[in-house]
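S.K.: Note that the protein sequences, when read in sequence, are chains A and B. Residues in the first sequence are numbered from 698 upward in steps of one, following the numbering used here. Residues in the second sequence are numbered from 23 upward in steps of one, following the numbering used here.
Read the hints as simulated data drawn from the structure, not as lab findings. Just so you know, not all the hints are guaranteed correct.
[To be verified] According to the in silico footprint, chain B covers these stretches of chain A (three or more CB under 8 angstroms from chain B):
1. 699-713
2. 718-729
[To be verified] The list that follows gives simulated cross-link-like pairs (lysine to aspartate or glutamate, EDC-like), each with its CA atoms no further than 20 angstroms apart:
3. A:K750 x A:D777
4. B:K37 x B:D309
5. B:K203 x B:E306
6. B:K132 x B:D169
7. B:K70 x A:D715
8. A:K798 x A:D754
9. B:K70 x A:D809
10. B:K70 x B:D247
11. B:K318 x B:E306
12. B:K70 x A:D777
13. B:K70 x B:E239
14. A:K798 x A:D809
15. B:K70 x B:E244
16. B:K99 x B:E188
17. B:K70 x A:E703
18. A:K826 x A:D754
19. B:K99 x B:D131
20. B:K70 x A:E708
21. A:K771 x B:E306
22. B:K132 x B:E188
23. A:K701 x B:E69
24. A:K750 x A:D809
25. B:K207 x B:D195
26. A:K771 x A:D715
27. A:K771 x B:E69
28. A:K701 x B:E73
29. A:K771 x B:E73
30. B:K53 x A:E708
31. A:K830 x A:D715
32. B:K151 x B:D131
Just so it is clear, the structure is predicted and the values come from calculations on it, not from any experiment. All C-beta atoms in this analysis are idealised placements derived from N, C-alpha and C, irrespective of residue type, glycine included.
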Amino acid sequence: MPIKLEIVTVERMLFSDDVDMVIAPGAEGVMGILPNHAALLTALNYGELIVRKKGQDDQSFAIGGGFMEVLPNKVTVLADVAEHADDINVQRAQQARDRAKNLLESGNLSMDDMVRAEAAIRRAMVRIKVAQKRRKQRPISQD
Amino acid sequence: MASLRDIKRRISGVKNISQVTRAMQMIAAAKMRRAQEQVRASRPYAEKAWEVLVHLSQQPDAKGQLHPLLSARPINKACVVLITSDRGLAGGYNSNIIRTTAKFINNYDKPISLVTVGRKGRGFFARSKYPIIAEFDGLPDRPTLLDILPIARIVINDFLSFEYDEVYLAYTDFINTVVQKPVVKRLLPLLPEKMDEQAVAEHVGQYVGSRHPYIYEPGPVELLDVILPRFTELQVYQAVLESLASEHSARMVAMRSATDNANELVADLTLTYNRVRQEAITKEMMDIVGGVEALK
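I would like the entire structure built from these sequences, with the hints used as guidance.
M.R.: In structure tokens, the structure reads:
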């Protein structure tokens, strides 16, 4: 019995399909969701969300915080930021990371700005990681 | 009577204007469609977030200590977030929402301050000496949640630090291309009694039998802490999008009638032009005939 997975961001519906397993970066650790999971509501961390479906390659998404609601046969991800691995622009993520790093090193930031810069770095790192993993998995598909 | 040359010049002037207004009409139509799509695209998230929120706020654990964003308190001061456009030539769009807001403020019996989004609203209320706490303008044509985050942050933070006890959102609801409705809606506090009991029952009842309580990670209170600000931001975001769609459709309608009027004027002027020309010719002929008669 498959799980119906929906990944929604404020700007659009990113993914909607039946899948066999979802691996998500929960606030208290990475969790794998199989069908008939107990009802659960969790905050999400920055991280990689993997969607597994029999007979298909895993799909992965970079998630930047949000929520996930799990019901026995339905998983809804409300992501603050979400991107499919194939859509990630590694160069831009690296630029974003470097920019935030420079900002941090330049010092004299307010507390808020520092938190924001650190969050930006974490976000960028997740995107880079997800995208690069993808590249290793299927080197041929990268043209 | 205007000379032939004057009329001709006016005709070409009016024609130019009608071309400009027609172009603006078309641009507005395209932008309106885009804004509408954005509103539609943000709906699934809004519905889901609302479900989760309703469901969380019903949790017995959370009941004891209501979240500050959820709880009403005695009102000493309020704030209105007013959403207008940066540019004019949009028919009654800006004046409608400004009038509605001004009326609302005047009827409100406690002091009220403003956060304005868009130059038009700021202009009016600054001229009338209303207290403006913050102003935002130059939002892009396709705003993302990130673009409106500062607006929401200001009101959430000030609300939490007791700067004001109620926050209203004044924006223009996009009903259809012809009808846009200016509304003033409460943004904060989010009152639980306003939540749809039936929706709660459907959502919670359907999945959560007493045998299988929800698991929360981290606790329900912490989750509320995250989702309430997010939901508030989302409401501001949607109001901005609705207003944007309204602005463009108001502009489109205004520009269409401007184009129609210009075309009508061209038709009138052409008629006058022809009549004047005819008269001039007749007069010349009379002169010639008169001259010939005189020579006989």
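S.K.: Report the numbers of all earlier hints that the structure fails to satisfy, in ascending order.
M.R.: Violated: hints 3, 4, 5, 6, 8, 9, 21, 24, 31.
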